[in-house]
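Colleague: This is what each chain is made of:
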Amino acid sequence: KQEVTQIPAALSVPEGENLVLNCSFTDSAIYNLQWFRQDPGKGLTSLLLIQSSQREQTSGRLNASLDKSSGRSTLYIAASQPGDSATYLCAVIKAAGNKLTFGGGTRVLVKP
Amino acid sequence: SAVISQKPSRDICQRGTSLTIQCQVDSQVTMMFWYRQQPGQSLTLIATANQGSEATYESGFVIDKFPISRPNLTFSTLTVSNMSPEDSSIYLCSALGGALLGAFFGQGTRLTVV
Chain A
1 KQEVTQIPAA LSVPEGENLV LNCSFTDSAI YNLQWFRQDP GKGLTSLLLI
51 QSSQREQTSG RLNASLDKSS GRSTLYIAAS QPGDSATYLC AVIKAAGNKL
101 TFGGGTRVLV KP
Chain B
1 SAVISQKPSR DICQRGTSLT IQCQVDSQVT MMFWYRQQPG QSLTLIATAN
51 QGSEATYESG FVIDKFPISR PNLTFSTLTV SNMSPEDSSI YLCSALGGAL
101 LGAFFGQGTR LTVV
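Chains as they are written, first to last, in this note's numbering: chain A, 1 to 112; chain B, 1 to 114.
Since the hints were derived computationally from the structure, they do not count as laboratory data.
Backbone N, C-alpha and C define an ideal beta-carbon position, used for all residues, glycine too.
Hints are not guaranteed to be accurate.
Simulated restraints on C-beta separations [what the hints assert, rightly or not]:
#, chain 1, residue 1, chain 2, residue 2, range
1, A, Gly83, B, Leu101, 20 to 28 Å
2, A, Asn22, B, Ser59, 25 to 33 Å
3, A, Ala78, B, Glu54, 40 to 48 Å
4, B, Phe75, A, Gly83, 31 to 39 Å
5, B, Gly60, A, Ala9, 22 to 30 Å
6, A, Thr45, B, Pro71, 21 to 29 Å
7, A, Ser53, B, Gly16, 46 to 54 Å
8, B, Gly52, A, Ala96, 13 to 21 Å
9, A, Asn22, B, Ser84, 33 to 41 Å
10, A, Lys94, B, Ala2, 16 to 24 Å
11, B, Ser84, A, Tyr76, 36 to 44 Å
12, B, Gly52, A, Gln81, 44 to 52 Å
Using 27 Å as the maximum straight-line C-alpha spacing, the simulated BS3-like pairs for lysine-lysine come out as follows [to be verified]:
#, chain 1, residue 1, chain 2, residue 2
13, A, Lys99, A, Lys1
14, B, Lys7, B, Lys65
15, B, Lys7, A, Lys99
16, B, Lys65, A, Lys42
17, A, Lys42, A, Lys94
18, A, Lys68, A, Lys99
19, A, Lys68, A, Lys94
20, B, Lys65, A, Lys111
21, A, Lys1, B, Lys65
22, A, Lys68, A, Lys1
23, A, Lys42, B, Lys7
Covered by chain B, per the in silico footprint, the following chain A stretches (three or more residues, Cβ under 8 Å) [unchecked claim]:
#, stretch
24, 38-48
25, 89-102
Model the full structure from these sequences, guided by the hints.
Modeller: Written as structure tokens, this is what we have:
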């Protein structure tokens with residue numbers, strides 16, 4: 001059974017510092033991995049999707065890497081801003097059309 | 001990317017009543033899912049909503065408590081039946097948009113049962 005872990009559970013940084021969020025998964029046979037952002041009481045917004053054949057994806061200040069062999073993904077957010085404060089979740093899909101398995105999330109606070 | 005409209009966005013309900021949550025996708029999708037997120041927790045999958053057949057429920061969730069409809073490829077409903085305060089959560093619907101889009105979510109329904 002796939003298990004997804006995100007460490008740390010919470011993170012507080014001063015504005016301008018780079019953020020590094022970690023996601024690990026136990027079964028390397030994944031179809032893709034997706035990073036989401038969730039603001040309090042809201043739905044999830046997709047940030048980046050990495051297909052199993054890819055090593056990384058970039059969008060603006062965000063960069064996500066994937067190392068399937070070690071069961072790890074890292075989300076980097078450069079030059080953090082207070083607006084980046086949110087909970088970040090990673091999720092993996094085992095095969096096309098399958099359900100997602102979520103990590104517990106990392107709650108981020110960027111202090112002005 | 002595709003968009004899901006979910007409603008209501010929030011509700012406060014009396015114990016013992018039922019609430020139906022609706023999700024409308026702006027394009028046809030094969031897979032739709034319903035999740036529950038209890039306060040301070042990650043998402044827990046309730047069921048996969050299958051078009052034209054009964055939903056597939058995860059362990060710990062039953063059809064009598066969480067009946068689901070999926071009449072076509074763009075719409076689904078989740079009903080939370082005979083509610084108790086323990087049902088107070090955020091409920092989210094999701095759909096898969098294919099290999100390049102991945103999963104996308106509705107805005108969530110914040111349910112409080114009093």
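Colleague: Confirm or reject each hint.
Modeller: For each hint, the structure was consulted:
1. Gly83(A) to Leu101(B): 20 to 28 Å: 24 Å, holds
2. Asn22(A) to Ser59(B): 25 to 33 Å: Given a distance of about 28 Å, which is inside 25 to 33 Å, the answer is holds.
3. Ala78(A) to Glu54(B): 40 to 48 Å: 47 Å, holds
4. Phe75(B) to Gly83(A): 31 to 39 Å: Hint holds: Cβ distance 33 Å, inside 31 to 39 Å.
5. Gly60(B) to Ala9(A): 22 to 30 Å: 23 Å, holds
6. Thr45(A) to Pro71(B): 21 to 29 Å: Holds: the Cβ-Cβ distance is about 27 Å, inside 21 to 29 Å.
7. Ser53(A) to Gly16(B): 46 to 54 Å: Taking Cβ atoms as reference, Ser53(A) and Gly16(B) lie about 51 Å apart, which means the hint holds.
8. Gly52(B) to Ala96(A): 13 to 21 Å: With Cβ atoms ~20 Å apart, the hint holds.
9. Asn22(A) to Ser84(B): 33 to 41 Å: Since the Cβ atoms of Asn22(A) and Ser84(B) sit about 37 Å apart, the hinted range of 33 to 41 Å holds.
10. Lys94(A) to Ala2(B): 16 to 24 Å: About 22 Å separates the Cβ atoms of Lys94(A) and Ala2(B), which means 16 to 24 Å holds.
11. Ser84(B) to Tyr76(A): 36 to 44 Å: Given a distance of about 43 Å, which is inside 36 to 44 Å, the answer is holds.
12. Gly52(B) to Gln81(A): 44 to 52 Å: 46 Å, holds
13. Lys99(A) to Lys1(A): 13 Å, holds
14. Lys7(B) to Lys65(B): 19 Å, holds
15. Lys7(B) to Lys99(A): 22 Å, holds
16. Lys65(B) to Lys42(A): 24 Å, holds
17. Lys42(A) to Lys94(A): 26 Å, holds
18. Lys68(A) to Lys99(A): 19 Å, holds
19. Lys68(A) to Lys94(A): OK: Lys68(A) and Lys94(A) at ~12 Å, within 27 Å.
20. Lys65(B) to Lys111(A): 42 Å, violated
21. Lys1(A) to Lys65(B): 26 Å, holds
22. Lys68(A) to Lys1(A): 16 Å, holds
23. Lys42(A) to Lys7(B): With Cα atoms ~12 Å apart, Lys42(A) and Lys7(B) stay inside 27 Å; holds.
24. 38-48: holds (count 6)
25. 89-102: holds (count 8)
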